[in-house]
Amino acid sequence: QQQVKQSPQSLIVQKGGISIINCAYENTAFDYFPWYQQFPGKGPALLIAIRPDVSEKKEGRFTISFNKSAKQFSLHIMDSQPGDSATYFCAARRLGAQKLVFGQGTRLTINP
Amino acid sequence: NAGVTQTPKFRVLKTGQSMTLLCAQDMNHEYMYWYRQDPGMGLRLIHYSVGEGTTAKGEVPDGYNVSRLKKQNFLLGLESAAPSQTSVYFCASSYSLSGAGTEAFFGQGTRLTVV
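Chain order of the listed sequences is A and B.
Sequential numbering of the first sequence, starting at 1, is according to the numbering used here.
Sequential numbering of the second sequence, starting at 1, is according to the numbering used here.
It is worth saying that the hints were derived from the structure and are not from the lab.
Being a predicted model, the structure only gives us computed values, none of them experimental.
Fair warning: there could be bad hints in the mix.
[Stated by the list, open to error] Pairs of lysine to any residue, SDA-like flavour, derived with a Cα cap of 25 Å: (1) K57/B to N27/A; (2) K42/A to Q98/A; (3) K99/A to T15/B; (4) K99/A to A2/B; (5) K99/A to F105/B; (6) K99/A to K14/B; (7) K68/A to G83/A.
[Claimed, not checked] Derived list of chain A stretches under chain B, where covered just means 3 residues or more per stretch with a C-beta under 8 Å from a C-beta of chain B: (8) 37-44; (9) 66-76; (10) 102-108.
C-beta atoms are modelled at their ideal positions from N, C-alpha and C, and glycine is treated no differently.
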């Protein structure tokens, strides 16, 4: 079963634009929501993460917005650059659990 | 600092053959994981380990076995490879389940093709 649903599957954005990727979850026991970035031929790497006690977390051009009541969270990339072109995965983990549940991934392409 | 190292990086197997994928981490992490990545499916957990000598099933364990005889190594075995196991396999490790140690560090992946 897919516990974390991610959309869109692919996204094309012009340089300088805002990229938005969305994720939705069902399990209210999830308490940790990271985003991973994966470049071709590489393993995923942690980009930014949020816990449900805050509604937004910003690190440079990357922002996570979290809506606990809607059980949704999203990644916003401001001033998108060609170097941001990668596959992005959202994930979630239940408090005390040993494993992450990943979304399906979004292939982001930033056109110059 | 090598982080998480996977060997081999590429492999082609014939149906029915067996092989072992090796994952090694030099960060003294307790938790280790094996994922497979398929288009449109994201990363799906095969097996994981919460410490030396322990293993547990993940989301898609059928057809795979694992062992963690040493803390730094986590082996993934395919006893009789099938075309459905064609995928990219990633190993990951993490230090703890809370705080800054929660981050999972991934290896570079192993691209496996079963013909």
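**Prompt:** Against the structure shown, which of the earlier numbered hints fail to hold, in ascending order?
**Reply:** 3, 6, 7, 9
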